[in-house]
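S.K.: Using the hints, position chain B against chain A.
Number of protein chains: 2
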Amino acid sequence: MDRAGADGRDGSGIGVVEPRTLTLALPPEGLALQRGGRLPRVEVAYETYGRLSAEKDNTVYICHALTGDAHVAGRHAPDDEKPGWWDEMVGPGKGIDTDYYHVVCANILGGCGGTTGPSSIHPATGRPYGSAFPPVTVTDMVRVQKLFLEQLGIARLAAVIGGSLGGMQVLEWSLRYPDCVDRCICIASGASLSPQALAFDLVARDAIMSDPGWAGGDYYGRDRRPDWGLAHARQIGHITYLSPEMMQRKFGRRKETPETGDGPAPHRFEIERYLRYQGRKLVERFDANAYLAITDAMDRYDLEEEFGTLEAAFASVRARFLVVALSSDWLFPPGQSMALAEGLLRAGKRVSCCRLQAPYGHDAFLLDVEHLSDAIRAFLPWVGRRGGGQPPAASERTAFERIAAMVPRGGRVVDLGCGNGDLLALLAERRGATGVGVDIDLDNVIAVLDRGHDALQGDIDEGLAWLPDGAYDCAVLSETLPVVRRPDAVLREMLRIAREGVVSFVDFGAWSYRVSIGLLGRIPREGQETAFPFTRADFTDLCRREGIRVLDMVRAAGGGSRRRGAERLIARIARGRDFRGNDASPRRSRRAPRAP
Amino acid sequence: MDRAGADGRDGSGIGVVEPRTLTLALPPEGLALQRGGRLPRVEVAYETYGRLSAEKDNTVYICHALTGDAHVAGRHAPDDEKPGWWDEMVGPGKGIDTDYYHVVCANILGGCGGTTGPSSIHPATGRPYGSAFPPVTVTDMVRVQKLFLEQLGIARLAAVIGGSLGGMQVLEWSLRYPDCVDRCICIASGASLSPQALAFDLVARDAIMSDPGWAGGDYYGRDRRPDWGLAHARQIGHITYLSPEMMQRKFGRRKETPETGDGPAPHRFEIERYLRYQGRKLVERFDANAYLAITDAMDRYDLEEEFGTLEAAFASVRARFLVVALSSDWLFPPGQSMALAEGLLRAGKRVSCCRLQAPYGHDAFLLDVEHLSDAIRAFLPWVGRRGGGQPPAASERTAFERIAAMVPRGGRVVDLGCGNGDLLALLAERRGATGVGVDIDLDNVIAVLDRGHDALQGDIDEGLAWLPDGAYDCAVLSETLPVVRRPDAVLREMLRIAREGVVSFVDFGAWSYRVSIGLLGRIPREGQETAFPFTRADFTDLCRREGIRVLDMVRAAGGGSRRRGAERLIARIARGRDFRGNDASPRRSRRAPRAP
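If you read the protein sequences in the order shown, they are chains A and B.
With numbering that gives the first Met the number 0 applied, the first sequence covers 0 to 595.
With numbering that gives the first Met the number 0 applied, the second sequence covers 0 to 595.
Do not take every clue at face value.
Stated by the list, open to error - Which residues of chain A face chain B? A few of them, derived with a C-beta cut under 10 Å, are:
#: 1; residue: 203
#: 2; residue: 211
#: 3; residue: 231
#: 4; residue: 519
To be verified - Using 16 Å as the maximum straight-line C-alpha spacing, the simulated EDC-like pairs for lysine to aspartate or glutamate come out as follows:
#: 5; chain 1: B; residue 1: 254; chain 2: A; residue 2: 304
#: 6; chain 1: A; residue 1: 254; chain 2: B; residue 2: 54
#: 7; chain 1: B; residue 1: 254; chain 2: A; residue 2: 298
What the hints assert, rightly or not - Some chain A residues well away from chain B (every beta-carbon gap over 10 Å; in silico):
#: 8; residue: 37
#: 9; residue: 55
#: 10; residue: 358
#: 11; residue: 579
Bear in mind the hints are in silico, worked out from the structure with no lab data behind them.
Backbone N, C-alpha and C define an ideal beta-carbon position, used for all residues, glycine too.
With the rest of the complex left out, here is chain A (with noise of 0.2 Å):
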């Protein structure tokens, strides 16, 4: 396929895009859905981008969020003032490279842009359905999904992908379609709204029941209809879709008009006029029971509830997972994000996490996808991140062929600080280990997905504790035992998550630090500030108290020219008889300000 020559960065690389529909093949009886209902004819409105190969294997398809439609990518007419709603992740060169791929997306069923939903027409009546309308779940969103892709001839999806509402799609595609799915994209989302994002949904929801206009639901035709109570809700949403900060930076408290003295007047701060805009403009493009019924779906959706526990849930998943957390999204919060990841490790899935610093909050996702989309075509199979990994220096390989040498041959790893993946790439090469990475750097999470490994956007120092116990052949800590906070539980932890270890760190005992320390009185910090040094004596002192066994271990002359004559040491660990277990949770301890 031809790259077109451009990017597409410019935002023109769709063009034209047309919108289709497409009416169910179904049975006599209609859709049964899950609660219970029965819905006669089902239309699916959609759009697709890029070309599907002759193999049918190139499809992406994205799951939309609450209040978006089909319309991803492109303008319908060359004149449309705004592209679709993900046009920029969306087109040739772009994270979800439509030189590439062939993206679909469908408006959900229950919504209002084009699939059957509350407004649309009731066979038996000839009117709209109002509130004739059955309750959808995400599950019948995700089956009318599969429906419509089986009759485009789409057995199976090369990805699925979502963010918020759509996310939860993305679970429902891995749990029930297992064997039609290579990959998921789980972004800011969860396996069920928290307490709190409940319980402003139905606050919200309450609004719009209130609202006289509603009239039960069979406003359709009539004169009034709820617009007070779906803009009103649509305003409390829209505080939950925005970080405190990017109110702040965005608004602040800057008023429109100079006060004039009398009471409370509508429109005195800005941030309240952006808040009506918002709410007015949902009002124009969405009806109030479609509304209704997509939050509805969403406050229900409860893996937990249903299976148990997510490790239960993702029982059945065979797609490889993405989860993307976005730091100052409250909505989903990260912990929910982390939540998912930890379900699929635990239930033995492959996995990899990405917890993007987005200022923006919940909707960072459509806002601010620059990191977004780097992870996305990472992670996506048949193309690679832009400009691609560096070669492993060549200093690296000595101690990195050390720790291979002791690693279990064909084990399951996990790299504690992998850094961009040179070390799981040597890995697989040399002892067909399959291995997942830890790290907190971003774009070494990239670089790991890029060379098709897992990785977990993580800081070790916040302790591993989603990691599930046993889940590894051998876990492996290379450089990184002085940098972290609490050496002690890192190593208990690693003895937990995994049979064996292998840790390797710089000798601080070898005779040139010995020189340093004992004749020129100074600690050797090798550029790291922060440090603490450790000796062949202080491991294994360490691994005394903690009831830890050493194995084996090795000397490598180190790599790295700064560090000149720096001694590497490798140690090989295992549980001992006294094996303290971890009790102290490995975050960080409060520091004790004075010593006794």
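M.R.: Chain B only, in chain A's frame:
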């Protein structure tokens, strides 16, 4: 005064109290309001607890929050189900100890708890004000409090205290009546609502004003009232008062009734019932116009808008301040309390601050008073914390004496990592220094408050940016250097905030340590697993790199028996010609996961 035998912890300390009302003696033209309105008559509903001293110098005035009232403690009748809203805080032996203090609280202007507000009778019409009630400000509220207290014969307050909107009133007291307040305690508040809090408030107020029952504010005596709007506003507000963790713990996603399968039904989730209950409860006891009047005052309150900066706002303050932040408060996030403390510090005022670990969110100042009452009790002048502090260990005094000798006489000193204040006490005693301590631990902060010094609860590793440039003559860092994350940044910060610094640390270059590493190959840790040891040479190297002059360095035999032979170095430092300043913030650096 008698402690009455009991400590009042059974909640029965105050007993039956009598609500009272006072009519302000106003000039014939009535009370002129800040935004131009005028009230011909102002009644003030209030309660008092404890006895006013003969010197009239023991009054603690409590400012209540949005929907609070004057009924702080005790019961109006012996069989009242519930006591006043802060009964746990106020009473014999409690945080605000009525054995020592005379406690007063009045309902705020614009409220509906007995003080003049929108539901009061307009003297000119004989009917409730309704839409004719003039807009009031927080400044007006406090002005009424001042006039009211004058009429009670109380010219000076030992302290004024309040949380949330009550905290804004405390700020007003400190600015507008600087000569009338000795101490100010401002809890979970800020100099203005954040844009996010403002946004929720604006949306909630819109619900009241859009309720057909509101009738432009003139609903008194009519059939319909804006009950739905008020309840709805309260529900939005109530979500913002609770932390997400607390909502999860208290309600989770539990459902009340089994699913019935038909559409969105009310009361599906426990959280929904709870919020509806909170809405209903407020409607029973509160007036919608009062809610609008008070939230409008809160929305508009903005010290930075009025004065330009907080430093300028606090220029006239004479009271000592205690600012209390609640960790899980997201309506008034801890950063807003820190900004108040910073503004007071920049204005050169005496300020202490605590950051309470309070899981309940904003409402923690009402619900979770245990630590809060200890801090308040320690800060108030007349009676100390229960138990009292320990006398300084004799063994520590040697090192402290050496430090004291390096601190300028009569200087302003900040002790970073101040512990329980022993060193501050010694510096005051030996050198006449006025000191403020910084410590991460609340108990230490309370101990320092209890000894009459100022204390700022904070983590040195998170930076000292809130301490102003050159605010101190001397910054002391005793025993803390090896446990900070970025020693270089901390030293730079010390010399940004102070003219000179004094640093004491265990000398790991002492011969006993040289033997430890030189012969035994062990780096001595002294029980601090994560501490980075410094030698004399390390320290002087570091200072040279940072452009810091070492003016003086002395050796002192250490104290504690656990540190056999541990010798301390005590260095006096100042900015050198090449002082690097503090471009890099001392925040925790991103750990490089792999050495080069």
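S.K.: Confirm or reject each hint.
M.R.: How the hints compare with the structure:
no.	hint	verdict
1	203	holds, 9 Å
2	211	holds, 7 Å
3	231	holds, 7 Å
4	519	holds, 6 Å
5	B:254 / A:304	holds, 11 Å
6	A:254 / B:54	violated, 47 Å
7	B:254 / A:298	holds, 12 Å
8	37	holds, 13 Å
9	55	holds, 38 Å
10	358	holds, 14 Å
11	579	holds, 13 Å
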